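Asks: Once you have looked at the hints, place chain B on chain A.
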Amino acid sequence: MKTREVVSSLTFRGIVTYVTALSATVFLLLGAFYLYFSYTSFRALGESVMSELETLELVYSEQSLAGVTEYIDDQLASSSIHRFYYLVTDVEGIKVAGDLSARPSYREFDDGWLGFELALQDWGQSIDVEFLAYPMLLGDGYEVMVARDYADIVDRAELVFTTLFRFLIATLILGVIGGFFSAARTLDRIERLNLDVSRMIRGGASERLQVEQEKGYIRVLAMFMNQMLEQIETLMQGVRRVSDNIAHDLRTPLTRMRNDLSQLRDRSNQEEGGQLERIIDECDELLSSFNALLRISTLESGSRLAGGSDIELQALLQDVVELYEPVAEEKNIELALNAPRSQVCKGDVDLLFQMFANVLDNAIKYTQPDGYIRVQMGLKMAADGNSRHSIVISDSGPGIAFSERDSVFRRFYRVESSRGEQPGHGLGLSLVQAIAHYHYGSVELSNNNPGLQVRVDLP
Amino acid sequence: MPMIYLSLSVETMRMNVLLVEDDKQVGDFIVTELTAVGHCCVHELDGSAGLLAAQNATFDVMVIDRMMPRMDGLALINALRDAGDNTPVIILSALGEVDDRVQGLHCGADDYLVKPFAMPELLARLEVLHRRVSATVGESETTLVVADLSMDLLRQHVQRQTATVTLQPREYKLLEYLMRHAGQVVTRAMLLEQVWGYHFDPQTNVIDVHVSRLRQKIDKGFDHALLSTVRGKGYRLGPKLDD
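Protein chains in written order, with our numbering: chain A, 3 to 461; chain B, 483 to 725.
Since the hints were made in silico from the structure, they are not lab data.
Check each hint, because a few of them may be wrong.
Claimed, not checked - Calculated lysine-lysine pairs in the BS3-like style (CA-CA distance at most 27 Å, straight line):
#1 699(B) with 367(A)
#2 699(B) with 715(B)
#3 367(A) with 333(A)
#4 348(A) with 382(A)
#5 597(B) with 715(B)
#6 333(A) with 655(B)
#7 506(B) with 715(B)
#8 333(A) with 702(B)
#9 655(B) with 722(B)
#10 715(B) with 655(B)
#11 655(B) with 702(B)
#12 715(B) with 702(B)
#13 715(B) with 367(A)
#14 722(B) with 702(B)
#15 333(A) with 699(B)
On a predicted model such as this, the values are computed, not experimentally measured, just so you know.
So here's chain A without its partners, still in its complex pose (with noise of 0.2 Å):
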């Protein structure tokens, strides 16, 4: 599966679309999550403090300053990484007691809480070390102040926010990946149904979307479009049927008009007899527009060629071009064939040959006396990789406009310069066009400069 047609796809658009809605979601819940950490880890961190004060007010109700110095020398005693530090001044200022050197320059906070910076020493180094603290008056001129690093609330709270970022740049890269993967998958399935309407349109009106692969939406959708054909083929087969019915209904009785008119001449006189002759040719030439039609029709409603045999070309382009040699010779036309290897594929020789024929036939019926028909084939590398043969049919002649190049291939369509001019029913490209898909080929027109070229490819 192509890369850039899995992520230009609408599904892998869509579904990276959701992955980053979802993700900014998760990260405003999360960030919620973290603000709401940060503030009840500093709460708990201002009423441990406040509890402490009280204590020390306790204390110091009980027993004065002595009581208070003691209870002090006892906390620092103990030795928990985060502790309580202390500061007991007096009326002046002065440092009594605590392990704070006098008062550091602070900043005020909101509600009387103070918060500074200190280098502790710690392993040999100093590290500055952000406090939070709280003084409180214990009587006397005296003046307690409690304070409590809070890097460890800080260092938890980091790693919360860079677990949380983590988390989101994981589920971005994840569902992307995912996304990826699904909208692969979806296109696959979307593919396979691709490849079925283009073999369908290539020509199997009978084919339908293979529905037991598929699941869910894509069953749902391949099924209704495989009621869709069946609708469109049976409508097809209704407007094919009747127009083959009034071809067949009318050859009948034109048939038998013919040999009545046949036999009417052979007793007639010379004068009456030259009259029928000419209505006998009337009739000749509807009946082989009939025929055409049904030929056509034939070719086109039914399978395609199933088997074959195997057909050299370089021997039917040989027969054809020498069967229509002295037609072109009586115009002074000069017709080449070029068809230098013996190439060979499957096919129906008489319809091939007649393919062909209708070709070489218009081609000499529109290129003017003394012009040239040339006739090629060669091999030619197709899109899939393999070969197919083209077999090239230009000439001289006045060619056919660009607007009307894919209107002559309709039944019945005759260019407007040439009706009433030359000979014929309109259905000669018309037939060759069928021919040529039933053999899985194709005709194209295009410019020979001056003069039309034909070319035929055929797998």
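Replies: Positioned in the frame of chain A, the structure of chain B alone reads:
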């Protein structure tokens, strides 16, 4: 050197034809047409009656419809061939695709004509089939002669009176076919099938051009023409009937 002088009385040669056709209208039409030119015709309306008729009498050629009640045409031909009856058979059928033709010819029919058909086409084919049987010796002959035109099959040499006629390979095949069916009308479709080996519908008069070229070579400069066009039917090689 074995030499066969091809009879020119073939136009008047009477044929005993068995027609097996379930469509009464088509059948009656064929019977009328065949009797009008002097042939004898027995008409049966279904396959089993046709088989019975074929077993009880001898026919020169049979015309058998393909799709019939009770026993279809192909089964009838199979039954005939199994019984050792090698009477030439021409199939009439509305099924005209190549596969159908191949199937028909494969089961032992000698020719295949798609309905609807023009009566001259059927007549010409019947006569050719009949002739093929009555002159099977033709396969081994080495010289074909029609009036003062002769063809040496071994040396591939064609000569009219004392003058040598130089022909292209295809013209040679065309003339050979016409000479083998001298005096008979051969249609354009028959020529395409037999001389060119393809069964297709030419949009224009390609065959006419080939025939007129051949005519140039064998008739030009001689007081009576051998190769004539039969309007609405085809061509005929041989002295004019009213000569």
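Asks: All hints, please: hold or fail.
Replies: Status of each hint after checking the structure:
{"no.": "1", "hint": "699(B) with 367(A)", "result": "holds, 26 Å"}
{"no.": "2", "hint": "699(B) with 715(B)", "result": "holds, 22 Å"}
{"no.": "3", "hint": "367(A) with 333(A)", "result": "holds, 9 Å"}
{"no.": "4", "hint": "348(A) with 382(A)", "result": "holds, 16 Å"}
{"no.": "5", "hint": "597(B) with 715(B)", "result": "holds, 17 Å"}
{"no.": "6", "hint": "333(A) with 655(B)", "result": "holds, 25 Å"}
{"no.": "7", "hint": "506(B) with 715(B)", "result": "holds, 25 Å"}
{"no.": "8", "hint": "333(A) with 702(B)", "result": "holds, 21 Å"}
{"no.": "9", "hint": "655(B) with 722(B)", "result": "holds, 22 Å"}
{"no.": "10", "hint": "715(B) with 655(B)", "result": "holds, 21 Å"}
{"no.": "11", "hint": "655(B) with 702(B)", "result": "holds, 19 Å"}
{"no.": "12", "hint": "715(B) with 702(B)", "result": "holds, 23 Å"}
{"no.": "13", "hint": "715(B) with 367(A)", "result": "holds, 25 Å"}
{"no.": "14", "hint": "722(B) with 702(B)", "result": "holds, 16 Å"}
{"no.": "15", "hint": "333(A) with 699(B)", "result": "holds, 20 Å"}
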